[in-house]
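Visitor: Here is what each chain is made of, one letter per residue.
Number of protein chains: 6
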Amino acid sequence: MPADAPPSSDVPKLDLLVVAAHPDDAELSVGGTILKHLAAGKAVGVVDLTDGEPTPHGDPETRARETAAASEALGLTWRHNLGLKNRHLEDDHAARAALATVFRLTRPDIVLGHAPTDTHPDHVRAARLTADARFWAKLTKTDLAGQPWSERGGLPGEPFLPPKLYHFWSVHLREIPTPSFCVDITGHLEQKLAAIRCYESQLTTGRATAFPTLFDDIETRARYWGWATHVTHAEPLGSGESVGVGDLFHLN
Amino acid sequence: MPADAPPSSDVPKLDLLVVAAHPDDAELSVGGTILKHLAAGKAVGVVDLTDGEPTPHGDPETRARETAAASEALGLTWRHNLGLKNRHLEDDHAARAALATVFRLTRPDIVLGHAPTDTHPDHVRAARLTADARFWAKLTKTDLAGQPWSERGGLPGEPFLPPKLYHFWSVHLREIPTPSFCVDITGHLEQKLAAIRCYESQLTTGRATAFPTLFDDIETRARYWGWATHVTHAEPLGSGESVGVGDLFHLN
Amino acid sequence: MPADAPPSSDVPKLDLLVVAAHPDDAELSVGGTILKHLAAGKAVGVVDLTDGEPTPHGDPETRARETAAASEALGLTWRHNLGLKNRHLEDDHAARAALATVFRLTRPDIVLGHAPTDTHPDHVRAARLTADARFWAKLTKTDLAGQPWSERGGLPGEPFLPPKLYHFWSVHLREIPTPSFCVDITGHLEQKLAAIRCYESQLTTGRATAFPTLFDDIETRARYWGWATHVTHAEPLGSGESVGVGDLFHLN
Amino acid sequence: MPADAPPSSDVPKLDLLVVAAHPDDAELSVGGTILKHLAAGKAVGVVDLTDGEPTPHGDPETRARETAAASEALGLTWRHNLGLKNRHLEDDHAARAALATVFRLTRPDIVLGHAPTDTHPDHVRAARLTADARFWAKLTKTDLAGQPWSERGGLPGEPFLPPKLYHFWSVHLREIPTPSFCVDITGHLEQKLAAIRCYESQLTTGRATAFPTLFDDIETRARYWGWATHVTHAEPLGSGESVGVGDLFHLN
Amino acid sequence: MPADAPPSSDVPKLDLLVVAAHPDDAELSVGGTILKHLAAGKAVGVVDLTDGEPTPHGDPETRARETAAASEALGLTWRHNLGLKNRHLEDDHAARAALATVFRLTRPDIVLGHAPTDTHPDHVRAARLTADARFWAKLTKTDLAGQPWSERGGLPGEPFLPPKLYHFWSVHLREIPTPSFCVDITGHLEQKLAAIRCYESQLTTGRATAFPTLFDDIETRARYWGWATHVTHAEPLGSGESVGVGDLFHLN
Amino acid sequence: MPADAPPSSDVPKLDLLVVAAHPDDAELSVGGTILKHLAAGKAVGVVDLTDGEPTPHGDPETRARETAAASEALGLTWRHNLGLKNRHLEDDHAARAALATVFRLTRPDIVLGHAPTDTHPDHVRAARLTADARFWAKLTKTDLAGQPWSERGGLPGEPFLPPKLYHFWSVHLREIPTPSFCVDITGHLEQKLAAIRCYESQLTTGRATAFPTLFDDIETRARYWGWATHVTHAEPLGSGESVGVGDLFHLN
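Chains as they are written, first to last, in the numbering used here: chain A, 80 to 331; chain B, 80 to 331; chain C, 80 to 331; chain D, 80 to 331; chain E, 80 to 331; chain F, 80 to 331.
Simulated from the structure, these hints should not be mistaken for laboratory data.
Remember, predicted model here, so these are calculated numbers, not experimental data.
Be a bit skeptical, because a hint or two may be false.
[Unchecked claim] Derived lysine-lysine pairs resembling BS3-like cross-links, with alpha carbons at most 30 Å apart:
1. K220(B) to K164(D)
2. K121(D) to K121(E)
3. K164(E) to K217(C)
4. K121(C) to K243(F)
5. K243(F) to K164(B)
6. K121(B) to K243(A)
7. K164(F) to K220(D)
8. K243(E) to K164(A)
9. K243(B) to K243(A)
10. K243(D) to K121(E)
11. K220(E) to K164(A)
12. K164(B) to K220(B)
13. K164(D) to K164(F)
14. K217(B) to K164(D)
15. K164(E) to K92(E)
[Stated by the list, open to error] Between beta-carbon pairs, the in silico distance windows are:
16. P238(B) to V250(E): 54 to 62 Å
17. R276(E) to P195(A): 35 to 43 Å
18. P135(D) to D326(E): 32 to 40 Å
19. P86(E) to F290(A): 40 to 48 Å
20. T292(B) to K217(D): 50 to 58 Å
21. G232(A) to S318(E): 42 to 50 Å
22. G232(A) to P195(E): 37 to 45 Å
[Claimed, not checked] Pulled from the structure, derived: some chain E residues nowhere near chain F, Cβ distances all over 12 Å:
23. S88
24. A143
25. A152
26. G154
27. R158
28. H172
29. W228
30. G232
Cβ coordinates follow ideal geometry from the N, Cα and C atoms, glycine included.
Produce the complete structure using the sequences and hints provided.
Guide: In structure tokens form, the structure reads like this:
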């Protein structure tokens with residue numbers, strides 16, 4: 080099954096869209112940011128690039144069920160799996176066109192994607208793919224011969240460049256991030272953990288249960304970044320561009 | 080005349096306080112940020128550490144008159160001159176106590192001070208002095224022998240640590256800042272320039288009138304940082320700590 | 080039509096060669112540097128990797144005509160279009176061999192290429208392609224089976240490694256560059272703007288005419304970097320290696 | 080009472096010496112590193128520059144008693160209070176000579192001192208004082224008129240430059256450190272916390288008891304740096320020079 | 080001949096494995112580190128990704144003979160050539176699977192690979208390939224259809240993630256490294272040079288014999304990094320993660 | 080004897096002025112740069128801030144004799160000792176006024192001073208003093224009561240801001256510099272070493288004679304930076320501002 084974007088009729092306008100290599104990456108890295116903005120009334124979606132399988136304790140059906148449960152635990156506005164090939168993710172033209180289509184249909188104000196440094200090859204490609212697809216989403220005349228998805232009549236929807244792209248760090252590389260800013264997720268950590276626990280095949284089965292578990296470490300990092308920014312819990316994000324703010328009292 | 084803080088009865092609670100080495104430094108570096116927050120209804124003050132004299136075309140009376148005009152052009156809530164010695168600014172204990180007292184009396188949520196790197200010796204000291212006075216403002220038992228201003232009965236007011244300290248860059252060092260964020264000052268540039276023009280003895284008299292004038296360059300930099308953060312005009316600020324934000328849609 | 084290098088007989092020895100992803104990138108980023116060195120009697124060329132089409136208001140013929148006009152406005156020694164595929168630029172072996180051939184034939188002392196960070200996928204690939212083709216240009220025995228362009232008898236010309244490669248920043252990513260140095264282009268800005276204006280289909284048609292226009296911003300950035308380096312106008316360049324200088328009085 | 084070094088007869092040769100601005104700084108920042116090296120049989124000492132008073136809930140006698148208890152809880156080889164003036168710490172010549180004397184008498188292979196960036200004025204001065212006293216410790220002819228402590232017959236002991244100086248971060252500035260390396264303190268966190276709890280007047284009295292307490296945050300940071308370096312708990316250290324290692328298998 | 084991993088029966092467990100793009104890269108960059116650890120009784124291997132040919136003065140047979148001589152001069156535990164295509168190295172799935180297999184069979188505690196920045200296209204790809212193959216080495220279910228080397232029954236050996244990956248700098252890019260640490264190779268430089276001299280076709284034939292020769296520069300750099308870390312000779316290494324250490328006295 | 084500037088009648092206009100904490104610092108750090116510019120016909124001077132004594136094997140007379148010999152070996156246009164107190168160098172107002180006077184009298188286009196990071200307390204102060212005195216050199220009305228050297232009738236000469244200030248690294252801190260640029264000193268190393276050898280009491284007497292000697296290391300570093308910038312020998316310099324260049328062919 081080739082990578083594919085959803086049919087246009089299926090897709091709501093989003094405020095915030097998270098692009099994740101595998102189901103559970105969005106929850107692990109920015110679950111709190113998702114919840115914070117949903118609580119503020121924003122429309123928040125996730126596009127998973129692959130199904131994340133095979134894994135030692137998972138299979139596609141289990142993973143899909145766990146993903147659905149996590150989406151419900153978060154209360155996501157919309158979620159879609161792009162069907163790209165796990166372990167073999169590439170920033171090729173087909174993948175780029177498929178993700179660009181998602182951007183054109185969901186028209187998010189803000190996209191969150193993987194950081195460009197990671198130990199997971201798929202995450203590194205996801206970072207590049209997300210940046211490139213963002214640019215492709217604004218192309219015109221995509222139906223000309225040889226242009227993106229011209230064989231399908233060009234990219235659906237209207238040209239659109241998502242105004243903001245920030246990146247999140249995943250847990251594979253224990254690099255110390257120098258975040259551009261941290262998002263205050265105080266009050267949302269429990270629900271973030273609840274969503275993550277839905278991925279039982281990935282994060283619980285066969286894992287050590289003594290301190291520090293993977294769940295302990297999610298709490299540690301949330302508290303570390305919260306400590307660093309004078310709130311209870313936070314998640315770090317990076318930006319390739321300078322960050323602007325209209326009101327200093329919006330920062331904490 | 081020794082450095083001195085204002086009498087307590089004279090001082091309003093402030094939201095934002097700018098600490099500047101010389102009159103005109105606040106206007107030049109963060110005039111737009113001041114105006115933006117005044118327009119939003121915040122109480123904004125400036126404490127000038129010295130009177131900035133002598134200068135080639137100024138004298139204390141002229142400078143005071145120009146400062147008053149600039150304060151009015153900005154619409155400042157409060158302004159005070161700490162009476163420290165221009166060209167000889169030092170982060171000594173008397174200066175630190177005097178500025179700490181200003182912090183305790185004005186109780187600002189946010190302090191803006193000079194960046195630690197600059198070519199002007201007074202600016203470098205002002206940066207250190209501001210950081211240290213901020214810490215001293217929260218000291219207790221300052222009336223014990225040998226403690227800050229014990230000879231005056233200790234620091235006035237209640238212990239208070241201004242929660243945020245950001246720094247601004249002045250024009251002496253043509254270092255390329257790597258700002259932590261930029262403040263959108265779109266719509267406030269004209270009024271900023273009007274306030275700056277009040278310092279005629281400093282910024283107009285005896286200066287070249289051909290492009291690029293000092294005023295041209297203020298516009299250039301405001302536009303450069305605006306361009307960098309997708310607004311019309313902006314001012315860059317730095318932070319020694321990570322920056323937190325509660326809502327991604329507050330960033331531009 | 081496959082990517083191709085020019086016939087050997089067509090190519091002069093160059094002092095400075097700019098490698099740009101699309102026609103207009105060279106002018107926008109380093110138009111002043113080109114003019115400055117032409118004025119100093121250097122032989123300066125541009126190789127455009129693609130024709131830059133399709134775009135909303137352009138077509139290949141218009142673009143070629145505009146490019147010719149811009150080349151004439153600059154007074155370029157030589158310009159060539161490598162015929163690679165716009166929007167699909169890749170650092171593949173055919174492209175690398177074609178560009179390496181240009182390096183071997185023009186034998187530039189200095190190459191200017193795209194910076195490795197950008198939002199435009201083609202610019203990111205152009206940066207990688209330029210760096211890699213520079214290395215390939217010095218390969219020997221390229222006519223052996225399986226070697227670069229062995230099907231054409233190997234890379235034309237003699238092995239040659241362009242001694243210097245610097246990179247320029249384009250306008251897509253509003254990253255604040257930390258340039259290795261800035262080139263003083265004082266006195267050349269008007270002619271740079273004149274050359275840029277030749278790309279009417281790209282930079283004028285359908286664009287906003289209110290401040291700040293794209294042309295206003297080119298002036299702003301030229302002045303910003305001029306201000307930073309104590310001249311009127313300048314363009315920033317980066318280097319992956321340390322920069323050496325023989326005479327301190329050559330720096331400004 | 081002027082700053083003073085201990086009498087020579089009182090001082091053992093040390094392997095590791097921690098220089099801290101106030102009692103409790105050593106424990107808070109590098110308590111685990113102290114314990115780790117004591118457990119490995121090293122001689123480890125602490126020199127507190129001041130008595131840390133006044134504080135809201137402390138007094139000199141209480142503080143001295145708490146410090147003694149903490150020293151015992153750590154099992155320190157040696158501890159000394161240099162008697163410099165809290166809140167007014169300066170890198171003046173008397174302080175520098177006194178600390179240099181401690182270095183000459185204890186002859187530590189490694190000194191740990193405050194990081195140069197901090198919000199606490201005393202910490203910033205302690206960093207500078209430690210670096211400068213380290214250099215002064217190797218001076219000769221200190222008994223000549225006008226030389227360090229010439230009025231006391233010059234610096235006691237033989238000239239000695241402590242070979243290594245690393246710095247630790249304290250909790251006042253919530254800067255994200257970029258450590259040169261982290262010390263694995265796995266197995267020593269409980270005892271570190273026990274030592275810290277001895278400073279009841281500083282760290283318990285009058286403090287909030289709800290999560291996150293100061294003790295919670297010490298655990299969080301220890302786990303964060305442990306997570307980052309693949310051990311259970313760790314403490315970050317910085318170095319102004321490159322770090323060398325003889326055996327890659329000594330790193331974790 | 081496709082890229083290939085060695086047969087399982089041929090491969091010892093290694094402590095340290097160097098992954099080099101071409102024969103001689105391992106010797107040039109980390110020859111001293113190899114010797115230091117062999118002398119300490121560690122099992123050290125090298126996997127060369129390509130045969131490095133063609134070169135101006137070499138051919139595959141000569142190169143193989145020189146490589147064998149260098150391996151003997153070093154006293155390597157094991158060496159293997161992966162047979163990837165010189166000048167055309169790519170981080171494709173076949174290469175990744177082949178190198179991942181080497182990791183699974185040798186199970187090194189530490190892998191040393193190329194730094195991600197270099198002027199040599201093969202070195203840049205080798206850096207990416209090494210990082211990605213390290214991750215792939217821990218994959219499970221690699222025998223499922225479409226998974227790594229499923230056509231060969233999946234990746235041989237047990238899933239294994241080499242715990243540490245450090246990178247070395249080669250001589251092509253004269254970038255000033257900011258090493259995470261330097262390895263003390265004092266006492267091993269002569270033998271390193273002896274091993275390097277085995278590559279006569281690469282490093283002696285046709286090269287200038289006046290100062291500074293390539294061999295002079297190897298000595299210069301070894302001394303520079305030794306000087307920087309207070310030993311006689313050293314080699315710099317980088318790490319994408321923070322470095323941990325158990326005992327401060329293991330650092331120099 | 081108080082710090083003092085030379086009498087006006089004694090001082091030539093200089094192109095390049097090196098400000099060094101102690102005699103031999105100028106030679107050790109930028110001896111090649113001095114020679115290079117003297118050879119190009121520039122007027123080059125050195126101001127030593129202190130006499131550098133006491134040292135283990137020196138005394139003021141010997142040091143003065145060695146300094147004179149070194150000055151002659153370099154062929155310096157001018158040299159002056161400011162008479163500040165070695166080991167106790169401070170950026171106080173008297174020192175600042177004295178050095179500012181030197182700047183006003185010599186009117187150098189370029190000043191070279193110590194880098195702000197070093198292990199030697201005097202070097203750190205020299206860096207700050209040089210930066211501050213540079214700014215003070217342009218002050219007006221210095222004869223007003225309380226202004227710089229008003230007791231002497233104000234600063235001699237006309238107000239003057241040396242246009243450029245670059246910094247050099249000394250050998251005390253084995254920090255890896257990230258130079259803004261390196262100066263090609265090819266052909267001048269032997270004469271640099273000859274000048275350095277004049278400081279026999281400092282650099283030869285009582286020093287180890289086995290490799291690597293201090294002289295070996297000077298050669299190593301000169302070659303390292305030469306290697307890094309594609310020349311034979313070089314010296315690194317830093318700049319607090321961006322560096323501008325008029326002609327790319329002036330860089331190597």
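Visitor: All hints are to be evaluated individually against the structure, with a verdict given for each.
Guide: Results of checking the hints against the structure:
Between K220(B) and K164(D), the direct Cα distance comes to roughly 15 Å. Compliance with the 30 Å bound is thereby established for this hinted pair. The suggested pairing of K121(D) with K121(E) holds, with an alpha-carbon distance near 28 Å, which does not exceed 30 Å. For the proposed pair K164(E) and K217(C), the alpha carbon gap of about 18 Å is at most 30 Å, so the pair holds. For the suggested pair K121(C) and K243(F), the alpha carbons sit about 29 Å apart, so the restraint of at most 30 Å is met.
Using a Cα cut-off of 30 Å, the hinted pair K243(F) and K164(B) holds, with the two alpha carbons roughly 27 Å apart. Between the alpha carbons of K121(B) and K243(A) the distance comes to roughly 29 Å, so the proposed pair stays at or under 30 Å and holds. Annotation: proposed proximity of K164(F) to K220(D) holds, straight-line Cα distance about 15 Å (limit 30 Å). Among the hinted pairs, K243(E) with K164(A) is consistent with the structure: their alpha-carbon atoms are about 27 Å apart, no more than 30 Å.
Between K243(B) and K243(A) the CA atoms are separated by roughly 26 Å; this keeps the pair inside 30 Å, and the hint holds. A C-alpha spacing of about 29 Å is found between K243(D) and K121(E), which places the hinted pair at or below 30 Å, so the restraint holds. Straight-line distance between C-alpha atoms of K220(E) and K164(A) comes to about 15 Å, which keeps the hinted pair within the 30 Å bound. Of the supplied pair hints, the one linking K164(B) and K220(B) holds, its CA atoms being roughly 28 Å apart against a limit of 30 Å.
For the given pair, K164(D) sits about 26 Å from K164(F) by alpha-carbon distance, which is consistent with the 30 Å threshold. Distance check on the hinted pair: K217(B) and K164(D) sit about 18 Å apart at the alpha-carbon level, within 30 Å; holds. A C-alpha spacing of about 26 Å is found between K164(E) and K92(E), which places the hinted pair at or below 30 Å, so the restraint holds. One distance hint, 54 to 62 Å for the beta-carbon pair P238(B) and V250(E), holds here, with the actual separation near 59 Å.
Against the hinted window of 35 to 43 Å, the Cβ-Cβ separation of R276(E) and P195(A) comes to about 40 Å, which satisfies the hint. For P135(D) paired with D326(E), a C-beta distance near 39 Å keeps the hint of 32 to 40 Å intact. Checked against the given bound of 40 to 48 Å, the beta carbons of P86(E) and F290(A), roughly 42 Å apart, stay inside it. Judged by the Cβ atoms, the range 50 to 58 Å given for T292(B) and K217(D) holds: they are separated by roughly 53 Å.
The given range of 42 to 50 Å is respected by G232(A) and S318(E), whose C-beta atoms sit roughly 49 Å from each other. At about 40 Å, the CB distance of G232(A) to P195(E) agrees with the hint of 37 to 45 Å. Listed as a non-interface residue, S88(E) keeps its Cβ farther than 12 Å from every Cβ of chain F; the least gap is roughly 45 Å. Look at A143(E): its CB is around 30 Å from the nearest CB on chain F, clear of 12 Å, so calling it non-interface holds up.
The claim that A152(E) lies off the interface holds: its Cβ sits roughly 23 Å from the closest Cβ of chain F, which is beyond the 12 Å cut-off. For G154(E), the non-interface assignment is confirmed: its Cβ lies about 25 Å from the closest Cβ of chain F, beyond the 12 Å cut-off. For R158(E), the condition that its CB be more than 12 Å from all CB atoms of chain F holds, with the nearest at approximately 29 Å. Every C-beta of chain F lies more than 12 Å from that of H172(E), the closest at about 37 Å, which supports listing it as non-interface.
The claim that W228(E) is not at the interface with chain F holds, since no C-beta of that chain comes within 12 Å of its own (minimum 42 Å). At roughly 48 Å, the least C-beta separation between G232(E) and chain F is larger than 12 Å, which holds for a residue marked as non-interface.
Violated hints: none; the structure is consistent with every hint.
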